[in-house]
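Residue numbers (the working numbering), protein chains in the order written: chain U, 1 to 552; chain E, 1 to 221; chain R, 1 to 176.
I should point out that these hints are in silico values taken from the structure, not numbers from a laboratory. Among the clues, some could well be false.
To be verified - A short, non-exhaustive set of chain U residues, derived as facing chain E with CB atoms under 8 Å: (1) F101; (2) A121; (3) I123; (4) A175; (5) R369; (6) Y424; (7) L426.
To be verified - BS3-like mimics (lysine-lysine), calculated; alpha carbons at most 30 Å apart, straight line: (8) U:K339 to U:K355; (9) R:K18 to U:K516; (10) R:K18 to U:K431; (11) U:K357 to U:K339; (12) E:K43 to U:K306; (13) R:K18 to U:K10.
None of these values were measured; they are calculated from a predicted model. Just so it is clear, CB atoms sit at the ideal spot from N, CA and C, and this is done for glycine as well.
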Amino acid sequence: MTAGMVKTDKLGYAYRQEDEHLALDGVDLSIANGEYLLVCGASGSGKSTLCRTFNGLIPHFYGGRLHGEVRIAGKPTSKHSVADLFAQVGMVFQNPETQLFNSSVDREIAFGLESLGFPRANIQERISATAQILNISALLGRNPQELSGGEQQLVAIAAMLAIGPQLLVLDEPYANLDPVSVRQVRAALKVIHQRGIGVVISEHRLPYTVPDVQRMVALQGGRVVLDGPPEQLLVQDVEPFGLELPLPVLAGRRLGLPRLPLSVEALQTRDVVSPLPSDLQTVPPVFHSDGADIVLEVERVSFDLKGFPILHDISFTLRQGESLAIVGANGAGKTVLLKHLNGLHRPTRGQVRVKGKDTGQVKVSQLARQVGIAFQNPNSQFFKMTVWDEILVGPKALGFCDEAWLRELVRLFRLEPLLKRPPYRLSDGEKKRVAFAAALAHRPAILALDEPTSGQDWHFRSILGALLAELRAQGQAILLVTHDLSFAEEHAHRWLLLANGQVVAEGSPWKVMSDKAAMESAHLEPTDSFRLFSADERTLADPVQPRGGRHV
Amino acid sequence: MFDPRTKLFLAMGYAVLIAASARLGWSLAEAAVLLLFIAVIGKTRLYLRWLRMALPMSLFFGAVVWWTADVRIAALAALKLLTLVSVFFVFFSVTLPEDLGNALVQIGMPHIVAFVVSTSLQFVPTIGRRIRNVLDAQRARGIPLEPGWSALRHYPAFLGPILIQSFQMAEALAEAMEARGFGRPGRTFLKDYRMRTRDWLAISFGLLALIVCLLGMRGWG
Amino acid sequence: MSTEVQDFDMLKTTDTRKAAYAVVLVAMGVALAPYTSIPIGIAKVNPTQHFVNVVAALLLGPWWAAAIATMIAVLRNAMGLGTLLAFPGGMIGALLAGLFYRYTRNIYMGAAGEILGTGFIAPVVSALFVAPVLMGNVIPLLALIPSFLASTLAGAGLGVMAIRLLERADIVHLKA
Ligand SMILES: Nc1ncnc2c1ncn2[C@@H]1O[C@H](COP(=O)(O)OP(=O)(O)OP(=O)(O)O)[C@@H](O)[C@H]1O
Ligand SMILES: Nc1ncnc2c1ncn2[C@@H]1O[C@H](COP(=O)(O)OP(=O)(O)OP(=O)(O)O)[C@@H](O)[C@H]1O
Ligand SMILES: [Mg+2]
Ligand SMILES: [Mg+2]
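Sequences are here, hints too, so could you generate the full structure?
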């Protein structure tokens with residue numbers, strides 16, 4: 001009976017008792033003790049739902065209708081409450097803001113132990129032991145809300161690990177993290193796994209996960225469609241399931257390697273004689289700036305917030321039809337810089353000019369006419385009851401309504417079926433699409449997107465990619481703000497690399513990535529494509545010379 | 001150095017004293033003692049920042065009283081209000097709400113109440129951030145939202161997203177709390193809160209001082 | 001054997017949920033206050049407190065609502081954002097709103113409870129208890145009523161709209 005850690009038997013689940021649609025549908029899965037498992041699949045395929053069944057949040061917290069059963073170490077979850085199960089199955093959620101609710105890190109870690117009624121001395125001991133394993137001893141006295149995203153994720157893991165679970169479940173732990181923080185969390189998970197604790201991780205980004213896990217399960221429409229070790233599964237095409245094959249895997253397949261390499265390192269340690277197929281390389285788009293108007297000039301901008309310097313001496317320009325990516329690690333100052341474009345922040349020193357006008361002299365509501373921004377969290381920008389009204393907000397407020405353009409937007413962003421629905425209840429990907437369309441509705445000269453791909457599946461990334469290409473072709477100036485370098489490599493003509501509020505490199509994506517010192521100081525790593533192909537000097541020659549543009 | 005309960009008791013005693021004073025002289029003396037205390041514990045800068053918000057409120061209150069009564073009563077009222085509220089400031093600047101909550105739980109207050117007090121304090125900046133994001137997002141779409149009266153006109157439109165996000169946040173928080181065994185009976189506490197001799201001494205001394213002062217006020221007042 | 005189908009209560013208002021809602025409502029009451037307060041009369045018109053009262057009363061009941069109002073008053077005083085009048089000005093309305101709603105199950109009756117409590121009873125209580133503490137005498141009642149009333153009317157109206165919105169957005173559900 002107690003064979004394994006998790007055993008699901010024809011598991012089905014509907015969030016509402018009356019729902020026909022099942023979020024999970026006939027899932028038979030067993031997870032052995034100490035196994036490291038990846039749960040993947042398109043957005044809405046049921047990953048989070050499945051994770052929630054492992055510690056009893058489903059059905060006890062969410063309610064709804066449960067078919068079949070889930071057993072955790074032999075115990076059926078329908079008969080055991082979350083309070084009974086949480087000591088065995090630790091759950092780490094995607095959003096650190098809400099899962100850390102104590103005033104200091106040590107209290108955060110203590111919380112679960114306090115719930116279990118551990119004696120005081122024991123709690124202290126476990127706090128320090130756990131902090132040591134995860135290498136966060138220096139953080140114990142800090143307020144969790146003031147930590148960086150990566151540190152917060154580690155604290156959330158520590159809070160669960162301290163309880164001594166047999167299984168740790170993580171729902172999209174990497175979605176908002178920059179590559180360096182991802183590396184840190186991955187290392188921590190490896191250590192945890194080595195200690196014999198099972199790990200289940202739900203993620204979209206295969207390149208970060210498949211090298212680490214022993215087994216992967218892909219979901220589609222609430223059903224298990226793939227189940228096995230990644231080396232074996234990735235031999236087939238997984239795009240239909242909303243998954244993107246990591247580049248080294250693609251290369252391995254094309255080269256006909258017997259055992260698929262899952263990471264760049266794995267591929268590089270093989271003696272591959274034949275050259276890598278060059279069509280696998282991501283080639284940044286090329287911008288011909290001849291005569292294109294300058295729409296944005298940022299000149300020697302510095303910005304202090306509450307007495308702390310955040311940005312130092314930043315200069316760049318953006319031309320019509322050009323796509324510029326501002327890349328940098330968490331906290332580098334990307335969002336703060338973005339808010340300078342429409343006057344939400346005003347430079348402490350220096351000047352920002354939009355179409356020649358100094359933003360210091362113009363009201364935000366007037367600048368909005370020229371600059372459309374879609375912010376990091378789409379939830380903060382919705383305030384109408386239907387998607388259609390939401391898109392109309394800008395045009396109405398600014399008194400500029402172009403019917404044909406709005407119809408075009410609806411087509412571009414595939415919003416037709418959503419127009420009558422309230423924006424709050426859409427999936428994350430749909431929300432982002434609505435936010436982008438709303439930012440573009442009044443035809444601003446500049447479109448700025450803050451972290452457009454965070455938490456999105458491969459499907460969304462490819463739709464967004466096609467869309468940006470179309471906008472570029474129409475002459476739209478685009479500013480991407482992101483730490484997703486592979487997306488930025490594919491869709492930006494030029495990069496501005498930001499580290500601690502300073503521009504440390506600028507130029508074509510390849511030029512920036514080949515500047516090792518700058519990349520290091522920005523805590524970023526080159527993309528897989530760049531790392532695989534950079535050995536070949538020929539491709540490294542900078543193909544993108546924005547003629548006439550400022551160039552460092 | 002003292003138990004949170006001792007601090008609470010002393011703060012309440014001082015508040016009673018302030019409330020009971022009916023003469024400007026007494027109130028000035030009480031304010032002076034409080035200021036001295038703030039200086040001694042090294043919170044002067046924090047206090048000055050806090051005053052920037054609290055002072056206009058008290059002056060305003062005084063002005064209204066002036067309008068309904070007279071100058072002397074108004075000055076007294078404004079001063080007393082400010083000192084009373086300052087007691088709150090002092091108390092919370094030397095006591096973590098979490099400590100207070102947990103200490104009170106040990107003498108019978110339900111844990112859930114203590115939890116709400118300390119956790120909501122953690123969430124004030126979080127919600128503040130969300131509010132700013134919503135304002136920024138709306139202004140970025142061309143809605144003129146400068147602070148003040150005109151903002152009130154847009155209050156409903158601005159409240160909507162805040163509300164929805166806040167309740168979504170509440171759901172996620174509840175989920176995270178469940179996942180760490182919130183509400184499970186038999187909870188223990190990381191920190192031990194014990195009333196020691198010095199706590200009892202401080203309480204006795206405070207009580208004595210309070211009685212003497214009150215009697216003194218009667219005698220001369 | 002295990003092809004059984006079991007139903008579980010949707011969105012049960014467990015203690016955990018109540019605590020989490022309370023946390024967020026208190027934080028909202030404190031964080032929103034600076035954006036919405038307008039000084040008029042003896043106190044400030046601050047619809048936020050009353051709006052939170054109505055939402056809390058309808059979702060969590062009278063006792064929680066009163067406790068939430070108290071916590072908001074304590075925190076606002078500690079942060080220098082509120083006067084002592086925040087105590088009677090919040091708690092009484094919250095309690096009455098909760099009680100009215102509990103016995104009628106009518107959103108508007110809940111709002112009416114808030115308006116009665118804050119607009120009419122709270123000024124009397126303030127004048128009888130808070131004012132003497134500060135001024136040594138009972139201040140004229142009439143000075144308080146208009147500003148309390150203005151705050152609570154605006155707040156209660158927003159509270160009703162808020163509950164409607166949350167229900168329409170499918171985020172909370174009032175029990176019929
Ligand atoms: N709280 C909820 N109430 C009702 N339906 C929900 C809820 N959460 C998810 N669903 C629905 O259940 C299905 C599976 O969603 P789930 O969140 O598990 O997907 P996911 O694979 O985690 O997606 P993502 O990658 O976007 O996080 C979707 O159709 C979704 O709309
Ligand atoms: N309102 C604020 N108050 C104080 N500090 C702030 C504020 N907003 C941003 N900062 C600080 O400014 C710095 C840059 O923040 P910013 O949000 O621009 O980072 P980012 O590059 O967008 O990071 P991420 O990838 O996590 O979104 C950070 O150190 C942050 O703590
Ligand atoms: Mg999910
Ligand atoms: Mg950002």
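Each hint tested on the structure:
no. : hint             : in the structure
1   : F101             : holds, 5 Å
2   : A121             : violated, 10 Å
3   : I123             : holds, 5 Å
4   : A175             : violated, 14 Å
5   : R369             : holds, 7 Å
6   : Y424             : holds, 5 Å
7   : L426             : violated, 13 Å
8   : U:K339 to U:K355 : holds, 16 Å
9   : R:K18 to U:K516  : violated, 52 Å
10  : R:K18 to U:K431  : holds, 28 Å
11  : U:K357 to U:K339 : holds, 16 Å
12  : E:K43 to U:K306  : holds, 19 Å
13  : R:K18 to U:K10   : violated, 33 Å
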